[in-house]
Amino acid sequence: MKIVIIRKASQQTQRLIAGQFPADWNVAFVAAAELPKEIEDADVLIPENETIP
Numbered sequence: 003m004k005i006v007i008i009r010k011a012s013q014q015t016q017r018l019i020a021g022q023f024p025a026d027w028n029v030a031f032v033a034a035a036e037l038p039k040e041i042e043d044a045d046v047l048i049p050e051n052e053t054i055p
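FYI, our numbering numbers position 13 of the sequence shown as 15, with every residue one higher than the one before it.
Derived by calculation from the structure, the hints in this document are not laboratory data.
Given the structure is predicted, the values throughout are model-derived calculations rather than measurements.
Among the hints, erroneous ones may be present.
[Unchecked claim] Straight-line Cα separation of at most 20 Å, SDA-like style, residue types lysine to any residue; simulated pairs:
#, residue 1, residue 2
1, LYS39, TRP27
2, LYS4, ASP45
3, LYS39, GLN22
[Unchecked claim] For each label pair, taking beta carbons as the anchor points, the in silico distance ranges come out as:
#, residue 1, residue 2, range
4, ILE48, ALA25, 24 to 30 Å
5, TRP27, PRO49, 16 to 22 Å
6, GLN14, GLU42, 18 to 24 Å
7, ASN51, ASP26, 26 to 32 Å
8, GLN14, PRO38, 16 to 22 Å
9, ILE41, ALA11, 15 to 21 Å
10, GLN13, ASN51, 15 to 21 Å
11, GLN13, ILE48, 14 to 20 Å
12, ALA35, SER12, 15 to 21 Å
13, GLN14, ILE48, 15 to 21 Å
14, PRO49, LEU18, 16 to 22 Å
Where a beta carbon is used, it is the ideal one built from N, C-alpha and C, also for glycine.
With the sequences and hints as input, model every part of the structure.
This is the structure in structure tokens:
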């Protein structure tokens, strides 16, 4: 399962959030500008405080 979270976050914050998901899930944190290349194979998209055009 690939989770894409649109958010700029520190490494510590990324680890804390990713730790809430099962260990075998891929949790990616991306900036909105990086979304087109990450969304293609995403199973879940979490737009945290971002507007998706």
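Verification of the hints:
no., hint, in the structure
1, LYS39 <-> TRP27, "holds, 18 Å"
2, LYS4 <-> ASP45, "holds, 5 Å"
3, LYS39 <-> GLN22, "violated, 24 Å"
4, ILE48 <-> ALA25: 24 to 30 Å, "violated, 18 Å"
5, TRP27 <-> PRO49: 16 to 22 Å, "holds, 18 Å"
6, GLN14 <-> GLU42: 18 to 24 Å, "violated, 28 Å"
7, ASN51 <-> ASP26: 26 to 32 Å, "holds, 27 Å"
8, GLN14 <-> PRO38: 16 to 22 Å, "violated, 27 Å"
9, ILE41 <-> ALA11: 15 to 21 Å, "holds, 18 Å"
10, GLN13 <-> ASN51: 15 to 21 Å, "holds, 19 Å"
11, GLN13 <-> ILE48: 14 to 20 Å, "holds, 18 Å"
12, ALA35 <-> SER12: 15 to 21 Å, "holds, 19 Å"
13, GLN14 <-> ILE48: 15 to 21 Å, "holds, 18 Å"
14, PRO49 <-> LEU18: 16 to 22 Å, "holds, 19 Å"
Hint violations for this structure: numbers 3, 4, 6 and 8, all remaining hints satisfied.
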